[in-house]
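A.B. asks: Going down the list, the sequences are from chains E and L.
Those letters in the first sequence? Residues 242 to 504, per the numbering used here, in order.
Those letters in the second sequence? Residues 280 to 351, per the numbering used here, in order.
Honestly, the hints are just simulated from the structure, not real lab data.
Possibly wrong hints are sitting among the right ones.
[What the hints assert, rightly or not] Here are the simulated BS3-like pairs of lysine-lysine, each with C-alpha atoms no more than 30 Å apart in a straight line:
1) E:303 - L:308
2) E:272 - E:355
3) L:337 - L:289
4) L:316 - E:272
5) E:303 - E:416
6) L:315 - E:270
7) L:293 - E:272
8) E:416 - E:270
9) L:282 - E:303
10) E:258 - L:315
11) E:272 - E:303
12) L:289 - E:489
[Stated by the list, open to error] Negatives, chain E to chain L, calculated, CB over 10 Å:
13) 385
14) 424
15) 463
16) 477
17) 489
18) 497
All residues carry an ideal CB built from backbone N, CA and C; glycine is no exception.
Single-letter residue listing:
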Amino acid sequence: MEVVKLKKRDQLIVAEKKFNSRLIVGTGKYKSMTECARAIELSGAEIVTVAVRRVNISDKKKPLLMDYIDPKKITYLPNTAGCFNSTEALRTLRLAREIGGWKLVKLEVLGDKKNLFPDMIETIKSTEVLSKEGFNVMVYCNDDPLMAKRLEDVGACAIMPLAAPIGSGLGIQNKININIIRNQTKLPLIIDAGLGTASDAAIAMELGCDGVLVNTAIAKAKKPFEMALAFKNGVIAGRQSFLAGRIKKTLLGNPSSPIKGII
Amino acid sequence: MKKIKKIKIKVNGKISTIDDNLTMSVYLKKLKIPLKKVAIELNREIIDKNKLKKIILKKNDQIEIVHFIGGG
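Generate the whole structure from the sequences, applying the supplied hints.
C.D. replies: If you want it as C-alpha cells, here you go:
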C-alpha cells in the first residue's frame with residue numbers, strides 16, 4: 242500500500258518563529274502541575290499560555306510551573322488574562338518580558354466579567370503600544386472583521402478571534418465572520434476561546450485557520466489526557482482536510498457508483 | 280550595641296517590617312526568591328535584576344514579585 246506523503250513541513254509560523262504543532266494549549270484549571278504537564282505532552286503543543294501572578298512569599302514550597310514545563314523546550318506565551326484595561330495589560334506584559342526576555346506575548350483585555358468578551362478599544366490601544374515597544378503581540382479579539390483589520394494595522398503579529406465566550410465550550414458560533422477574517426488577512430489566524438471538543442478544533446482548521454488555542458476543554462474534560470490527544474488529532478484532521486480541498490456542497494444527491502451498466 | 284532601625288514596606292500587597300538600609304538584593308536573598316524565574320517591580324517601576332545591589336529599600340516602598348503560573 243502506498244502511503245500518501247503529506248506536505249513535510251506544514252508549520253505554524255508566528256513572528257518568524259516556527260512550530261510543528263498548530264495547537265496551543267493553556268496551562269490553567271488543571272488538577273495538578275503533573276496533570277498539566279502530561280496533558281501538554283500528549284497534545285503535542287509547542288506553545289503554552291501562562292499567567293503572570295504574585296509569588297507566594299509565605300509558602301515557598303509551592304510547585305513552580307517552570308519546574309514542570311521547561312521553557313527551553315516549550316514556548317511560554319505570557320497572557321494578560323484577568324486584565325480589564327490597557328494599563329493593567331501593559332504592566333503585566335512588561336513584567337512578563339522581564340522574567341525571561343519573552344517578546345512573544347498574548348494580549349487579552351477583557352471588557353465584561355460576565356461573558357469575558359474583549360474590550361476592543363482597550364485592546365487596540367494596547368496592541369499599538371506593545372508593538373512599538375518591540376513586543377510580538379498575538380491578540381485575543383472579537384470575531385469582527387473590522388476590528389481584526391484594525392489590529393493588523395496597529396501591528397498585531399497574530400489575530401486570535403474567539404469561537405464563543407471563554408470556557409463556554411460552544412464551538413465556533415460565527416463561521417462566516419471567521420471566513421471573512423481568513424480571507425482578509427495573511428497574519429496567523431488562531432481561534433482562541435470557546436472550543437468544547439475536538440471537532441470544534443477540526444472545524445476551525447477546515448475554515449483555514451492557522452491554529453487553535455484550547456484550555457478549559459482539555460483541562461476540564463472527564464479525562465484530560467484523552468482529550469488532549471483528541472484535540473491534537475482534531476487539529477491535524479482539520480488542517481489536512483483544509484489542505485486536501487473539500488468537495489462542494491450540493492443540495493441534491495449525487496451517486497457514488499456509475500449509472501452506466503446497471504442491470 | 281546600637282539597635283537597628285526597622286522600616287515598613289509592602290511586598291506583594293502585604294506589609295512587612297524589615298531592617299533599615301537593606302539592599303533589594305539582600306532582601307530578596309533572605310526571601311529565597313529564585314531571581315531567574317521572577318520579575319520585580321519597585322513602586323510600580325520594573326527593576327533591572329542586575330541592579331538589585333544598588334537599590335536601598337526605603338520606608339513605604341512597594342514591591343511586587345511576580346512569576347509565571349498556569350493560565351489560559
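A.B. asks: Does each hint fit the structure? Answer for all of them.
C.D. replies: Here's how the hints hold up against the structure:
no.	hint	in the structure
1	E:303 - L:308	holds, 18 Å
2	E:272 - E:355	holds, 24 Å
3	L:337 - L:289	holds, 11 Å
4	L:316 - E:272	holds, 23 Å
5	E:303 - E:416	violated, 42 Å
6	L:315 - E:270	holds, 25 Å
7	L:293 - E:272	holds, 28 Å
8	E:416 - E:270	holds, 28 Å
9	L:282 - E:303	violated, 35 Å
10	E:258 - L:315	holds, 24 Å
11	E:272 - E:303	holds, 14 Å
12	L:289 - E:489	violated, 64 Å
13	385	holds, 21 Å
14	424	holds, 28 Å
15	463	holds, 19 Å
16	477	holds, 22 Å
17	489	holds, 37 Å
18	497	holds, 44 Å
Of the hints listed earlier, those the structure fails to meet are numbers 5, 9 and 12, in rising order.
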